[in-house]
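Those protein sequence lines, which keep their order, are chains U and X. Using my numbering, the letters of the first sequence correspond one by one to residues 5 to 277. Using my numbering, the letters of the second sequence correspond one by one to residues 8 to 198.
Source of the hints: derived by calculation from the structure; they are not laboratory data. Careful, some of the hints might be misleading.
As the list claims (entries may be wrong) - Cβ pair distances, simulated, as ranges:
1. U:Lys77 x X:Ile78: 15 to 21 Å
2. U:Gly96 x X:Ala73: 23 to 29 Å
3. X:Gln75 x U:Phe247: 37 to 43 Å
4. X:Ala73 x U:Pro178: 32 to 38 Å
5. U:Leu256 x X:Phe46: 24 to 30 Å
6. U:Val152 x X:Gln75: 31 to 37 Å
7. X:Ser84 x U:Val275: 44 to 50 Å
8. X:Ala73 x U:Val198: 51 to 57 Å
9. X:Gln75 x U:Gly96: 17 to 23 Å
10. U:Leu256 x X:Ser84: 20 to 26 Å
Remember, it's a predicted structure, so these values are computed and weren't measured experimentally. Glycine included, each C-beta is placed from N, C-alpha and C at the ideal position.
Listed here are the chains, written in short residue letters.
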Amino acid sequence: MEELILATAPCDLSDKAVCAPADVTELFEFREAVFSVLGFPFTRTVLLIFLAALIAIGLLFFGLRKRSLQPGKFQLSIESLMVFVRDEIAVGIIGPSGIKYYPYLMSLLIFILIGNMFKITPFINMPITARMAIPLFLALLTWVIFVVAGFKRNGMSYFLDIVWPPGVPVFLKPLVGLIEFFSTFFVRPFSLAVRLFANLVAGHVMLTLLLTTALVSFVSIGEIGLVKGAFGFAWLVLGLAIFMFELIVIVLQAYIFTLLSAVYIDTSVNVEH
Amino acid sequence: MLTHVFAQMILAQEVEQISENGESGGGAGLLLPVPEELFAGIIAFSIVFFFVWKWAIPVLNKTLEARQAAIAAELESAEKAKVEAESLLTDYRTQLSGAKDDASKILADARDAGDAVKSDIIARAEGEAEQIKVRAGDEIATERDRVAADLRRQVAELSIGVAEKVIGSTLDADTQRDLVDRYIDELGGVK
Numbered sequence: 005m006e007e008l009i010l011a012t013a014p015c016d017l018s019d020k021a022v023c024a025p026a027d028v029t030e031l032f033e034f035r036e037a038v039f040s041v042l043g044f045p046f047t048r049t050v051l052l053i054f055l056a057a058l059i060a061i062g063l064l065f066f067g068l069r070k071r072s073l074q075p076g077k078f079q080l081s082i083e084s085l086m087v088f089v090r091d092e093i094a095v096g097i098i099g100p101s102g103i104k105y106y107p108y109l110m111s112l113l114i115f116i117l118i119g120n121m122f123k124i125t126p127f128i129n130m131p132i133t134a135r136m137a138i139p140l141f142l143a144l145l146t147w148v149i150f151v152v153a154g155f156k157r158n159g160m161s162y163f164l165d166i167v168w169p170p171g172v173p174v175f176l177k178p179l180v181g182l183i184e185f186f187s188t189f190f191v192r193p194f195s196l197a198v199r200l201f202a203n204l205v206a207g208h209v210m211l212t213l214l215l216t217t218a219l220v221s222f223v224s225i226g227e228i229g230l231v232k233g234a235f236g237f238a239w240l241v242l243g244l245a246i247f248m249f250e251l252i253v254i255v256l257q258a259y260i261f262t263l264l265s266a267v268y269i270d271t272s273v274n275v276e277h
Numbered sequence: 008m009l010t011h012v013f014a015q016m017i018l019a020q021e022v023e024q025i026s027e028n029g030e031s032g033g034g035a036g037l038l039l040p041v042p043e044e045l046f047a048g049i050i051a052f053s054i055v056f057f058f059v060w061k062w063a064i065p066v067l068n069k070t071l072e073a074r075q076a077a078i079a080a081e082l083e084s085a086e087k088a089k090v091e092a093e094s095l096l097t098d099y100r101t102q103l104s105g106a107k108d109d110a111s112k113i114l115a116d117a118r119d120a121g122d123a124v125k126s127d128i129i130a131r132a133e134g135e136a137e138q139i140k141v142r143a144g145d146e147i148a149t150e151r152d153r154v155a156a157d158l159r160r161q162v163a164e165l166s167i168g169v170a171e172k173v174i175g176s177t178l179d180a181d182t183q184r185d186l187v188d189r190y191i192d193e194l195g196g197v198k
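This is chain U alone, in the form it adopts within the complex (with noise of 0.2 Å):
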């Protein structure tokens, strides 16, 4: 039972219901390099995120090399998702000009859905979106377009409309403005990044107590008595349920986070919306 441990400590089942780390990070971080190259670690997360990549460029690549006129059900899929970003994310919420946006918002939905991928990926069972790392590049990333994005094609027009809203009412103007102004330059980002990370490492947090329970309870059932042993099946069902809502959220969470992408650049590009 002691070798059957989450991280560091061992689990106990016979004094608590769940096994759970004393330090919640243990879940999560892996900081011990693998190997190292000029002095840059290469952790186990640093890998999977270099993973992530190349089975996303892979998936592309052997999707769509083979140009067939008539696609087979796999080049079909590739060219069925990228037509559907095009189309339903990058033109259909930014407009015509929203083409322009259409590499980054492709690129985003493919490296985030792979990345949370491997949350419920036999073996890995890790999403390297449930490391704050990734979730605040991308946001700040998306930030950092759309702001530019509203400098650019708007001026100066693009800052005083948020500060300074019209249509409302001149003595609301201030507040509204102040309350625009941290939405937009604050808020989003933040809650971009926070959201796709909270439900992955929320999702994650379950999987892994859960079925790791499972498993202490049915190793250590001569010891913890049948009756314990017992809730190691209601944990094991339990943990199965999450793991099949878990893809949906997968793919829900990689959706938003390129949706609300699309929707930011689209309230700067086009103010008038």
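With chain U's structure known, arrange chain X on it following the hints.
Quick look at chain X alone, frame taken from chain U:
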């Protein structure tokens, strides 16, 4: 949503345990990005973005354009084939209509020819029948005349014979015959 509620409960329990145990750390550390992960994320995403921008989208566009062109060509080809088929159908219909007209004409001609032959045969038969009838009439008349002549000759001879017996002399044969004939004619006139 259920996931998040459970996760929050577990995380809260953990934080409580950590506080009780006086341990450091907890979930707060998770909110801070790790530099090497941030750096890796920037590099990895840049690679994906560059690949999507420079290779995947142009390839997709070319594939879709080629497919669109192929579909347009197939549609055009189908349209041509349809027009051709319609033209052929019109030709066939025209030919069929001509053939029907020809057949009708042939049939009508045949019917006319048949009628002509029939009429000819009937006319000929009627002519022949008429000829046979006339010939039969002539033969009958000839026969009748011959029979009448024989009869007259026999009557004359009988009469002469009787007259010779009555008057006891012999008349000249020709005179007697004329006498009898005149008598017969007179009898015919009386009759």
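So, going through the hints one by one against the coordinates:
1. Range check, U:Lys77 to X:Ile78: about 20 Å between beta-carbon atoms, so the 15 to 21 Å window is met.
2. The hinted window of 23 to 29 Å between U:Gly96 and X:Ala73 holds, with their beta carbons roughly 24 Å apart.
3. For the hinted restraint 37 to 43 Å between X:Gln75 and U:Phe247, the CB-CB distance of approximately 41 Å keeps it satisfied.
4. Evaluation of the 32 to 38 Å hint for X:Ala73 and U:Pro178 yields a failure: the beta carbon distance comes to about 57 Å.
5. The hint said 24 to 30 Å for the Cβ distance between U:Leu256 and X:Phe46, and at roughly 28 Å that hint holds.
6. At roughly 34 Å, the beta-carbon separation of U:Val152 and X:Gln75 lies within the given 31 to 37 Å, and the hint holds.
7. Distance hint check: the CB atoms of X:Ser84 and U:Val275 are about 48 Å apart, consistent with the given range 44 to 50 Å.
8. The hint said 51 to 57 Å for the Cβ distance between X:Ala73 and U:Val198, and at roughly 43 Å that hint is violated.
9. Checked against the hint of 17 to 23 Å, the pair X:Gln75 and U:Gly96 passes, with Cβ atoms roughly 20 Å apart.
10. Hint check: U:Leu256 to X:Ser84, Cβ distance near 44 Å, so the stated range 20 to 26 Å is violated.
The earlier numbered hints that this structure contradicts are 4, 8, 10.
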